[in-house]
Amino acid sequence: QILFKALWTVDYVETLPTEIHSIWKQKKTGTSILFLMNRYIFILYIIFKGVECFPGHGTNKQCLTIHVISQLCQSVAMFTTNVLLAFRVYAIFSKNKGILGIAFGFILSRFFLDILDIPLSFGASATGTPFHSFSRCGIEVTEANEFDQDFIFSRIQVALPFHALGYDIFIFVLTAVKTIHQAMAMHRLGQSSITKLIILDGKYCIIICSLGKKIKILIGSLYFL
Numbered sequence: 002q003i004l005f006k007a008l009w010t011v012d013y014v015e016t017l018p019t020e021i022h023s024i025w026k027q028k029k030t031g032t033s034i035l036f037l038m039n040r041y042i043f044i045l046y047i048i049f050k051g052v053e054c055f056p057g058h059g060t061n062k063q064c065l066t067i068h069v070i071s072q073l074c075q076s077v078a079m080f081t082t083n084v085l086l087a088f089r090v091y092a093i094f095s096k097n098k099g100i101l102g103i104a105f106g107f108i109l110s111r112f113f114l115d116i117l118d119i120p121l122s123f124g125a126s127a128t129g130t131p132f133h134s135f136s137r138c139g140i141e142v143t144e145a146n147e148f149d150q151d152f153i154f155s156r157i158q159v160a161l162p163f164h165a166l167g168y169d170i171f172i173f174v175l176t177a178v179k180t181i182h183q184a185m186a187m188h189r190l191g192q193s194s195i196t197k198l199i200i201l202d203g204k205y206c207i208i209i210c211s212l213g214k215k216i217k218i219l220i221g222s223l224y225f226l
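Letter by letter, the sequence shown follows residues 2 to 226 of the numbering used here.
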């Protein structure tokens with residue numbers, strides 16, 4: 002989590018000049034506004050999640066507020082990310098409305114699950130618990146009333162990653178099909194395609210993630226020596 006957020010922050014700083022030139026100084030469109038919402042709401046999520054997870058003292062009321070805000074920011078950021086991905090696939094497939102409809106079926110159902118998940122848990126102060134040295138707040142499941150909240154919460158937590166995986170596969174397969182067709186067309190013309198750049202970026206991503214995991218394992222090993 003920390004490594005991912007650190008990489009995202011570095012990427013944000015590096016791409017900020019391009020963002021200012023390409024978006025802030027240009028006429029705003031629906032897509033550019035959606036992009037800005039996604040970018041800055043996710044920053045808010047990182048900030049509130051950091052306050053929630055890093056060591057410190059917080060009351061139950063403060064932790065509850067922080068948890069709700071961070072969950073809302075995460076849900077909206079995920080929603081806008083998925084919409085941007087849907088519009089990209091919609092565009093590369095010549096504005097195919099069927100593909101857009103399927104994508105929005107995924108998006109709206111995911112957003113519904115995210116919103117449903119928020120009231121099923123709440124933030125509570127970690128003061129007086131074994132986790133106080135590591136985190137300001139903890140997360141607890143809402144007490145059961147008419148329904149078994151713990152059962153519903155656990156089922157949603159299981160459903161969310163599978164739902165995300167299904168949508169990612171849907172987007173990946175469609176993008177890969179179009180990319181392969183474009184690469185074959187460029188090859189017939191004797192030119193290089195963007196596929197080579199994508200593969201190169203993928204290699205760098207794998208190398209960075211592998212190094213991060215190795216560093217984490219090394220630090221953990223040194224800690225227990």
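The set of hints was computed from the structure by calculation and includes no laboratory data.
No residue lacks a Cβ here, since even glycine has one placed at the ideal position from N, Cα and C.
One should not assume that every hint holds.
Each computed DSBU-like pair below joins lysine-lysine, with the alpha-carbon atoms no more than 35 Å apart [said to hold, decoys possible]:
1) Lys6 x Lys62
2) Lys6 x Lys96
3) Lys98 x Lys28
4) Lys62 x Lys50
5) Lys6 x Lys26
Here are the in silico distance ranges between beta carbons for each label pair [to be verified]:
6) Phe135 x Ser110: 51 to 61 Å
7) Ile119 x Lys6: 35 to 45 Å
8) Leu8 x Gly191: 19 to 29 Å
9) Ile116 x Ile44: 12 to 22 Å
10) Thr128 x Val174: 42 to 52 Å
11) Lys6 x Ala184: 12 to 22 Å
12) Val174 x Leu117: 25 to 35 Å
13) Ala184 x Thr66: 27 to 37 Å
14) Val69 x Tyr41: 30 to 40 Å
15) Thr130 x Asn97: 15 to 25 Å
Would you pick out the hints that fail for this structure and give their numbers low to high?
Violated hints: 6, 7, 8, 11, 13, 14 and 15; rest satisfied.
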